[in-house]
Amino acid sequence: MDSTPNAQRSTSNAQGSGKPRFDLEDRLLEFSARIVRLVDSLPNTRAANHLGGQLLHCGTSPYGNHGEVEAAESRKDFVHKSKVCLKELKETRRWLGLIAKSSMIPAPKMSAILNEAEELIKIFFSSVRTAERNVK
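First residue of the sequence shown? That's 415 in the working numbering, and the numbers climb one at a time after it.
By construction, these hints were calculated from the structure, which means they are not laboratory data.
Mixed in with the good hints there might be a few duds.
[Said to hold, decoys possible] Mimicking DSS-like on lysine-lysine, the simulated pairs with C-alpha atoms at most 30 Å apart in a straight line are: (1) K515 / K501; (2) K523 / K490; (3) K515 / K490; (4) K523 / K497; (5) K497 / K536; (6) K515 / K497; (7) K515 / K536; (8) K501 / K536; (9) K515 / K504; (10) K523 / K504; (11) K536 / K504; (12) K490 / K504; (13) K490 / K501; (14) K523 / K536; (15) K536 / K495.
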């Protein structure tokens, strides 16, 4: 759907070391914006409106919830809120897959956003796993 390249993977390092710095918040913002554009491009049918509503809700949620993750009051709270983001990303992946499978948008145009959803899922899964180890 979106031919825009994936969100910028890094920004300048605040310490000026010249090494790139990974910025998950920027990546989630770009992912949410791509979801909004995708939903707006769906056909005006009953099925597309339903799927679009579901996708809009879960596909933009991780960006907002990531703010909650950053403000977690404890490691346990961090794990819980990160799991919410992970759950929403997994749901997003399912709706994206259904939209691709139903040919509302050609599958090749869906591959970039599906890949980004998969990468974000892996990031949050790894973060949750690491944080759970550190809680104990």
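Results for each hint:
Taking the CA atoms of K515 and K501, the gap is about 21 Å. The hint holds against a cut of 30 Å. Annotation: proposed proximity of K523 to K490 is violated, straight-line Cα distance about 39 Å (limit 30 Å). Pair hint K515 plus K490 does not hold up; C-alpha atoms about 38 Å apart against a cutoff of 30 Å. Using a Cα cut-off of 30 Å, the hinted pair K523 and K497 holds, with the two alpha carbons roughly 29 Å apart.
The straight-line distance between the Cα atoms of K497 and K536 is roughly 12 Å, inside the 30 Å bound, and the hint therefore holds. Restraint check: the Cα-Cα separation between K515 and K497 comes to about 27 Å, which is no more than 30 Å; the hinted pair holds. With a CA separation close to 23 Å, the supplied pair K515 and K536 stays within the 30 Å bound. Pair hint K501 plus K536 holds up; C-alpha atoms about 12 Å apart against a cutoff of 30 Å.
For the hint linking K515 to K504, the alpha-carbon distance of about 17 Å falls within 30 Å, and the restraint holds. Note on K523 and K504: the hinted pairing holds, with a Cα-Cα distance of about 20 Å set against a maximum of 30 Å. For a cut-off of 30 Å, the pair hint linking K536 to K504 stands: about 10 Å separates their Cα positions. With a CA separation close to 21 Å, the supplied pair K490 and K504 stays within the 30 Å bound.
This hinted pair checks out: K490 and K501 have alpha carbons roughly 17 Å apart, not beyond 30 Å. The suggested pairing of K523 with K536 holds, with an alpha-carbon distance near 22 Å, which does not exceed 30 Å. Between K536 and K495 the CA atoms are separated by roughly 16 Å; this keeps the pair inside 30 Å, and the hint holds.
In this structure, the earlier hints numbered 2 and 3 are contradicted, and the remaining ones agree with it.
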